[in-house]
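Asks: Residues per chain are reported as follows:
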Amino acid sequence: MNIKLEQPSDFPLDAFRALLQASPGQQEILHRYMECSDSIQSVVRLMFAVLENPHVTDEDRHRATRTIADAIYLKPEAGHGSYGFDLAKVEREPATKHPEEHRRPLIAQRLDQLDQQQATFSERLRSILEQKNVTQEELAVRIECTQSAISKMITRNSRPHKKTILKMAAALSVSPTELWPDLEVASILDSIADFPAERELNEQQAAALDAALARPPVKVVVRELPARARK
Amino acid sequence: MNTPEEQECVVRTCRPAFQDLQSLLPRYYARSELNRQLQKLKWWKPEDPQVIDLSWHRIPGTELCELVFDRCSEFPAGLRVVFVQHSPEGTDQRWVWVLGALDLTEEFDDIRKTIYVGRSLIVQERATE
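Those protein sequence lines, which keep their order, are chains A and B.
Residue 231 is where the first sequence ends in this note's numbering, and the numbering goes up by one at each step.
Residue 1129 is where the second sequence ends in this note's numbering, and the numbering goes up by one at each step.
Watch out, some of these pointers could steer you wrong.
[Unchecked claim] Using 25 Å as the maximum straight-line C-alpha spacing, the simulated BS3-like pairs for lysine-lysine come out as follows:
| id | chain 1 | residue 1 | chain 2 | residue 2 |
| --- | --- | --- | --- | --- |
| 1 | A | K152 | A | K89 |
| 2 | B | K1045 | A | K167 |
| 3 | A | K152 | A | K167 |
| 4 | A | K167 | A | K132 |
| 5 | B | K1045 | A | K89 |
| 6 | A | K89 | B | K1042 |
| 7 | B | K1042 | A | K163 |
| 8 | B | K1113 | B | K1045 |
| 9 | A | K163 | A | K132 |
| 10 | A | K152 | A | K163 |
| 11 | B | K1042 | A | K152 |
| 12 | B | K1045 | A | K152 |
| 13 | B | K1045 | A | K163 |
| 14 | A | K167 | B | K1042 |
| 15 | A | K152 | A | K132 |
For the record, the hints were derived by calculation from the structure and aren't laboratory data.
Extracted from the complex, chain A is given alone in its bound form (with noise of 0.2 Å):
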């Protein structure tokens, strides 16, 4: 690129000030802007534009807020390469390495829960398979899905879906929780978590709810006690 400076009007005066006017942190992030690859800068301007759309919405713009700090902050991840973090490794670090301690413990307690849920249901589903006669290959076709996705799923490789498991204990003719002990919770979880995405109660539950405001209100019993006599 030719810059021509040779006349006062060929110096970008408004930019300068613009710059000089610029907080120390301001300047900081344009001097790492202008650190960056033509490709990443070309990012960087789109996420601008984003952030500028009048239709954003609030998350989209913490989404492109976020990609423009990754851009312009080079900042390798201890431990975990040049670029971004090692799936498995993010797992399991916050155990031993998470900032507040008194959280490390909590942390390994639940990956102990993952292992020893996947472990059981794991032991459950041969037991189940032997007992039925059911071959690896066949409940794969009765569950849609292939042969070694079971076998990853028994050797403990892979956590199987709750739909899965609620596919295999069809196809099994047991019940969930046979399967995944903890299943029961969960779909109790579910129920509640569909409520307000459905919006409409089935004649049921709407039954249920006049019930329960044509109820009249608990009454107190209140009684009351002599007073204190002050010393």
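Put chain B on the given structure of chain A with help from the hints.
Replies: Here is chain B on its own, set in the frame of chain A:
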């Protein structure tokens, strides 16, 4: 040793994806479940319609893909996890990058395509072995 068909992908995530997930799933309980599910991407193959037991789709007009999670107790609004395949030069293994996540109710409109294509461009430029 794994045959080429069975060779596992390297699964990585970028920082903004990590932040998207923290915002969509504030409870560690749900994020840890999702993390386990996302590790299935190790076995993602472009020619298979499912990754283990999860369905995935290509996002039209882009190189991006999405993994779909129906509503359940851990993900009450359902979830679409956006990912892309990009292997750094000189590697034999396929690398899959998690770029972010959206609620199942959020459409993949032009604004969101711009954001996630932007993230994939950053990955393409910065990902090295």
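Asks: Flag every earlier hint the structure violates by its number, smallest first.
Replies: none
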